[in-house]
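Using the sequences and the hints, build the whole thing.
One-letter residues, chain by chain:
There are 4 protein chains.
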Amino acid sequence: MKKHVHYADYILKSGRLLELQETESEAQGKPAHDEKLFVIVHQVYELWFKQILHEIGSVMAFFEADTVDERQMELIVSRLRRVTEIQKVMNQQVEVLETMTPMDFLEFRHLLTPASGFQSLQFRLLEARLGLSRSQEWVRNLGSDAAYAELKKAVEAPSLLHLVDLWLSRTPFLATSDFHFWDAYQSAVRTMLADDRKVIQSNETLTDEKRKIELKSNQNMQTDFDALFDEGKYGQMVASGEKQLSYAATHAALFIQLYRDEPILQLPFRLLTSLIDIDELLVSWRYRHMLMVERMLGLKIGTGGSSGAGYLRGTVLGRKVFEDISALSTFMIPRSALPTLPEAMHRRLGFFHTYGEKE
Amino acid sequence: MKKHVHYADYILKSGRLLELQETESEAQGKPAHDEKLFVIVHQVYELWFKQILHEIGSVMAFFEADTVDERQMELIVSRLRRVTEIQKVMNQQVEVLETMTPMDFLEFRHLLTPASGFQSLQFRLLEARLGLSRSQEWVRNLGSDAAYAELKKAVEAPSLLHLVDLWLSRTPFLATSDFHFWDAYQSAVRTMLADDRKVIQSNETLTDEKRKIELKSNQNMQTDFDALFDEGKYGQMVASGEKQLSYAATHAALFIQLYRDEPILQLPFRLLTSLIDIDELLVSWRYRHMLMVERMLGLKIGTGGSSGAGYLRGTVLGRKVFEDISALSTFMIPRSALPTLPEAMHRRLGFFHTYGEKE
Amino acid sequence: MKKHVHYADYILKSGRLLELQETESEAQGKPAHDEKLFVIVHQVYELWFKQILHEIGSVMAFFEADTVDERQMELIVSRLRRVTEIQKVMNQQVEVLETMTPMDFLEFRHLLTPASGFQSLQFRLLEARLGLSRSQEWVRNLGSDAAYAELKKAVEAPSLLHLVDLWLSRTPFLATSDFHFWDAYQSAVRTMLADDRKVIQSNETLTDEKRKIELKSNQNMQTDFDALFDEGKYGQMVASGEKQLSYAATHAALFIQLYRDEPILQLPFRLLTSLIDIDELLVSWRYRHMLMVERMLGLKIGTGGSSGAGYLRGTVLGRKVFEDISALSTFMIPRSALPTLPEAMHRRLGFFHTYGEKE
Amino acid sequence: MKKHVHYADYILKSGRLLELQETESEAQGKPAHDEKLFVIVHQVYELWFKQILHEIGSVMAFFEADTVDERQMELIVSRLRRVTEIQKVMNQQVEVLETMTPMDFLEFRHLLTPASGFQSLQFRLLEARLGLSRSQEWVRNLGSDAAYAELKKAVEAPSLLHLVDLWLSRTPFLATSDFHFWDAYQSAVRTMLADDRKVIQSNETLTDEKRKIELKSNQNMQTDFDALFDEGKYGQMVASGEKQLSYAATHAALFIQLYRDEPILQLPFRLLTSLIDIDELLVSWRYRHMLMVERMLGLKIGTGGSSGAGYLRGTVLGRKVFEDISALSTFMIPRSALPTLPEAMHRRLGFFHTYGEKE
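Residue numbers (my numbering), protein chains in the order written: chain A, 354 to 712; chain B, 354 to 712; chain C, 354 to 712; chain D, 354 to 712.
Each hint should be verified, as a subset may be incorrect.
No copy labels: a pair is met if it fits in one copy or bridges any two.
Heads up, simulated BS3-like pairs for lysine-lysine below, C-alpha to C-alpha not over 27 Å straight-line [claimed, not checked]:
1. Lys505 with Lys366
2. Lys403 with Lys586
3. Lys403 with Lys563
4. Lys403 with Lys505
5. Lys366 with Lys506
6. Lys586 with Lys569
7. Lys383 with Lys403
8. Lys596 with Lys506
9. Lys383 with Lys551
10. Lys505 with Lys563
11. Lys383 with Lys565
12. Lys565 with Lys551
13. Lys586 with Lys383
14. Lys596 with Lys403
15. Lys569 with Lys505
16. Lys551 with Lys506
17. Lys596 with Lys383
18. Lys586 with Lys596
19. Lys403 with Lys569
20. Lys569 with Lys506
21. Lys596 with Lys565
22. Lys366 with Lys403
23. Lys403 with Lys565
Bear in mind the hints are in silico, worked out from the structure with no lab data behind them. If you're wondering where the values come from, they're calculated on a predicted model, not measured in any experiment.
Right under this line is the structure:
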């Protein structure tokens, strides 16, 4: 039988939720007004982390299954999009914390040393589950052995990046008897690179030094493409950690983005886009957070004993989780230059049956 | 041969863009500082309107074609989602205009009488193209016969709402030899309504008066459902203007939302969601705009001679364009209660070929 | 001696925060994925409510004191501005909840009947403390006698609106021996109203019916002004509940807005603006919330047994808390028409000493 | 006599505004749908730049005058806050541009080579007027001699940073007969630095290497403080370009932030905060823009022939305009440790007359 539910029990868990905001300064009998904001803002972050982990976990479960049913793709993409909506709120939320001035922070900052946001288990779990490769140094000081064990497990388990890689690698349409995408793609690519070189060499506004830099950059792209076209070279980049996406997955991810209009690729395309969105919002949040810390502390050391702003600056421009996917735009060529898919391939990528035709 | 393009030519059209912000108070030799903001904010709105019309127009062109190719669905949905991103920026932009205080507005308000935002041809075109049914009274005072003619044409041409209705009405899967969705759906619905009645009758917190109101509301739902199940009744609601979505389209839109996981329905589901998003953001913008006008003018008459705030209040809670689609949530029933689709139907709604399976 | 604080203890209260998100569907052994979002989104709202109550409470404490020290004005305004930043995040957050589709909501909706957001004690406390006059009917069903008692106390205690009214009423500069603001103000106002009447009568685009409406609106303004200029009439409007701001406070609030550049009025002006901002964001949030409920439920009854959308529509355009302050823009006249303050008055409104002068 | 103004003339300048969105691909007879978005988004940016320059220009005019009247402070701060509201919209707007996929960009990208956003005169003017010190290398390729001349003039004229510096330097309250802020401040500061050193030395979670880094950072702070306390050293940092804020202005800016509650310092405090906000939003916009370019181009060269992403990465973490002001949080000490101002000083920093007292 259905029981009678009251909001105070259902949401607030009989009031327990609202008993957890006592501040350290209150506990010590000298309340610092803004410490309440500091605690609540971080508690809200933790609730959002929990929700994000809930969504990411459910998406990973789909990819861990033996088959990823096409009927699940819309749901998967929706849940990832929900993650990005949460991230947007989290980014907006930095402005709330910034209503606290450096002077107001100083009123209670000494009380919370050496606690630090870096100690948030959930945030570290999120990074690990997404697939951020992080030096082991940071897997410490989580406050308990249980927390350490949980993070270790997450670091060692397959990440979302890894699961998506496996799924991409299983894409069946890349090499069929009637379609040799790779050949046409390679030749089109070579034309583009040569064109770029011409642009650099004929651009009169460049100084000699700049031109040298640009040609070097073009050379680097050539190197990247060579790796893309040379399984051995690419493998070395994977081995060295320079690339994280496997050779097969890279090809599939490119294929999906180049031919995203084909019905069976439409949701996979949205999936890849959502992963890039998540990545971008995550680094944006780190960046906004860094600016906030700089503003609050200047050059002071962080509460955890680390030179807050300094450390943060170092991480902000670090590697993104799905960088190998977003960097695929490097390898894109204009639609007009794409080889046309043969009719049989079209059929293979379409629906069993269509609708929407006028009679 | 490729010409050399400079930003000042390409974006600013050789500077012409930045020559158009002269204010009336400047023209009269007594610059009112904030009039510049007023002009620029409205110019930005007009640029966004132009972009939205560009997107809506391209989507309408897809639906006007004899066939809506499934390969275009992702593009259609992406363009509608772009519209919503623009709308979010437009909503945010109200906060910029609100940095102008009522006193600052008074410095130049008298100069622009009786100009009014209601005279924006592009906004009226947007409403017309989406399909907002609007009394003819407002099709006036657009400043020129050409503008009037353009709006008249848009009002008389098929709207996006109409085109989507036609497309929905062509959905082929609703009635097949092995699947009678309608029967199962009707019986499930009746159970739900009966349950709701029980909730109302047993809810002790309701006063007698409230209970009466609720039961009336339940009765109204019953009436709506009766119309849904009775083509004649529904037709009367369409004839009276109470409903705008046709009988066939309503069924298809429901089907899509109830079985959105089926591959061929995933993008159509996104399409419907995007239309609802656009509607919601549009009324939100009107609402924010109304609050801003109230704040600026209080009870003063608007520059166009209308009692600004009063008129706005009247329109804010008016009919949405795609209200018949969003109101379909009235008719939804829990997934667990949905009739299971037969295997043949599953195949019909799926891809010709699948991928993503583990070996 | 300073103790060693760990993030897990400080923010998560030794993990207790993250134990409170169990859902009803999980408790019953059939987890509905999206119920987690529903719970967490509402918990986040409750945390924000707590923070807002913290800020509003501290601001009220300043106004309850015998003297509001000018040195506290910046702090007061900053805290109110913090409230608006939180409200912006709360408004943005509606988009997170809207990633839940009506079908997903149906998976667990029946489990939470008849819990309802209207039962949130904190939200009701917030409304009461700000000063929203609300019929007694809603002061019920808060789940416990203690909650009822707390709300009753808040309803009966002086609200922020009331405290600000008292503070405004104490403004000392309105009537001095050398300055008769009220006379000049009245005559300037009468000129403006006459001008507006001319605009209406000469506006050819108005139908006769419209013109009648506008003239009625102008007449209403005249009535409002008459009340402003006639203490007896104004008193009747206060007595009938049509106005909530006292006669003296209304004059002061107008004075502050008209002469906001005078140093001693700058922060009071910001204060009034912040109150209007809070009001506007609060009704915007209700409006967004209403749209979300309509989208989720259509015409279904709310979980609390009320016709959700119907009830919400009724409240959305209801009275704002600080409406009498924002409506003062009705009574504003252009700066050019304002009487010039005498030199002695300038000095009275300025700083003891100035800085910033070039030598 | 008042003329009759129509929206189409007033906002659209007789339609001219909407004639300027033709794209290069349209001009060449092969319209690329998304180029319209590209053009319009950049035109909107330019309109916002124009508005920001309008506000910044008006603020600079106030500071260029012989005296900055305290009565203008609220207006100055409001205009700067308006700039930040515009910046928030501009940041949000990046999400609109990101609805364009890399493949869609490729459809028209070749047509606009070598146009580049770096060629926006208005953006360069904005940087120059704010006071961003930029190597001369970039003062080129603005498309015309007139543009070059205008930027050169802006670079050579006093910037907002410079004007604010002069204004701060005139602050009269720092050294009076009865108040020696500097002595007490120095001793309090020294205590804080010593405490930080102890935290580092006793923090067991630090590796030896980390500890060394932290101590170095502490040493750097000591150096910064030494410069603050030693006019000669500070002067060298200014001479070398390491610091941009003058010695006197630095002291005043610190004083304002430490004693921001004093009435005459409340608006100056808001002013400094607004400058920091503008800075932060400007670098955030650059960062978001960089992420967008990376996503769009990967490692491809930018349309202007520069390695877009690479160059952008270099600038993103570059110097902020008002960095010396925001970095003052380095030098802040808790309120409890601040020397109490003598009564005479309080009077000096307050209003001539007060209000708000209860009788």
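Q | Structure-inconsistent hints, enumerated in ascending order | A | 2, 3, 11, 13, 14, 15, 16, 17, 19, 20 and 23
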